[in-house]
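Enquirer: These protein sequence lines are chains U and Z, in that order. Position one of the first sequence corresponds to residue 1 (the working numbering), numbered consecutively onward. Position one of the second sequence corresponds to residue 1 (the working numbering), numbered consecutively onward.
Just so you know, the hints here were simulated from the structure itself, not pulled from any lab data. Each hint should be verified, as a subset may be incorrect.
As the list claims (entries may be wrong) - Not the full set, but computed from the structure, chain Z residues with beta-carbon under 10 Å of chain U:
1. S4
2. I37
3. K41
4. A49
5. R70
6. D88
7. P91
Idealized CB from N, CA, C, for every residue including glycine.
One letter stands for each residue in the lines below.
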Amino acid sequence: MGISIELEVNGASVSEEVEPRLLLAHLLREELGLTGTKIGCDTSQCGSCTILLDGQAVKSCTVLAVQADGSEITTIEGLANGEYHPMQQAFWDNHGLQCGFCTPGMIISCVDLLSTNPQPSEDEIRHGLEGNLCRCTGYHNIVRAVQTAAETMNG
Amino acid sequence: MFPSKFDYHRPSSVQEAVQILSDNPDAKVLAGGHSLIPVMKLRLATPSALIDIGRIDALKGISRANGSLRIGACVTYNEIANSGVVQDAAPLLAEAAGQIGDRQVRYRGTIGGNLSHADPASDLPAAALALGATLHVSGPNGSRSVSASEFFVDLMMTSLQADEILTEVEISAASAGTGSAYVKFEHPASGYALCGAAAVVTRGAGGSCTGASLCFNGVSATAVSANGVAASLVGSDLSDGAVESAVSNLSIPDAAGDMFASAGYRQELAKAIGAQALRTARDRA
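Isolated chain U (complex conformation) (with noise of 0.2 Å):
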């Protein structure tokens, strides 16, 4: 049984049928070939799967698509507007990464964390991003590159 879904993905109307059990993640990836989203642990824990759901970050992997009926999303792909969001720049400048594979889910969780909090402390970062996993434990640089986007964002 099909269920037709009409969402704004990155800003642009998508309508698809879609199976219920369908997860948003899949839809994503599989569907709409956003592959910035991944797909690490499967079971709620990695965060790799963050995007924007009406504006707040969930995991896309615990969501089903037929949820987010009518909603915004917005992935990776989504953030740069002709130019890198400042996050992104900072993750760039301050090397905020090593393997790659968490950096989409971090910068979506990062950005959704300054939009509740534009100046976090370090522990609030830190503890902010307890749903994002770095196997890599490339964490201080994560941290440096979300105060730098504070800076830029609050300059």
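For this one, chain U is given, so just place chain Z on it according to the hints.
Expert: Frame of chain U; chain Z shown alone:
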């Protein structure tokens, strides 16, 4: 991983949801989905249908009237943790909700889903018990109320009937002189409570204790009350010594061990964390 096939229903009212649930005995109710979808992906649950109550506006409110705080079943952890109304009327619940999972999970997980799922290691059941919450449920024969102390029956089992849906959580607003605290000793990887303690204490005009409750998550198959221990504090000055003395008698029946911690270790954790929760609650009273 993806779930096995199911039919999807998106009712627009509680009545409609209850009707669909009555007609589909094998269906599951979907709220935030952050407990249900993972177990469906692992095929530990294979419901024939999901009833998505996530768009029923009547389940999304937070209100306070006549000394009573009411929270709809589909209110998220994030909303509870950051609600000024909840922080004022039931700060224990806000504190516990803010410690669940991570940011992403807190945006999706709901109080109704949490309590109905009744995971013993989750954070809200002990808070609901310690606050003496009343749970409102709807079924085909109308609505009824259940106290939190009668709601949690066994491991992931509640007194909800198969055709009933939890709709609202009601809590008496904190009175003057009352302090509370939720303290969790969590597994460092999962964040789930090896032991979580929810304490509420009330001090009278002279500073002595006039009421106390102490409840735990993570130690046995359900959230449990240690209100016998807490009651022994009534009349005391709530000094560190009084708290230590009360907690030294704590013994949680049916404490359970698993691969992460033995039953005996959890008993000792409960004493330490219970005392810490009581002392913090006292300092906030």
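Enquirer: Is the interface hint for S4/Z satisfied, with its Cβ closer than 10 Å to some Cβ of chain U?
Expert: 7 Å, holds
Enquirer: Regarding the hint that R70/Z lies at the interface with chain U, is the smallest CB-CB distance below 10 Å?
Expert: 24 Å, violated
Enquirer: Was the hint right that A49/Z lines chain U, CB cutoff 10 Å?
Expert: 9 Å, holds
Enquirer: Holds or violated: is the Cβ of D88/Z closer than 10 Å to a Cβ in chain U?
Expert: Violated, because the Cβ-Cβ distance from D88/Z to chain U comes to roughly 20 Å (cut-off 10 Å).
Enquirer: Grab the minimum C-beta distance from P91/Z to chain U and call the hint holds if it beats 10 Å, violated otherwise.
Expert: Hint on P91/Z: violated, closest Cβ of chain U at ~19 Å, above 10 Å.
Enquirer: Does K41/Z hold up as a contact with chain U if the rule is Cβ-Cβ below 10 Å?
Expert: 7 Å, holds
Enquirer: With a cut-off of 10 Å on the beta carbons, see whether I37/Z makes it to chain U.
Expert: Hint holds; I37/Z Cβ to chain U Cβ min 5 Å, cut 10 Å.
Checked against the numbered hints above, the structure violates hints 5, 6, 7; every other hint is satisfied.
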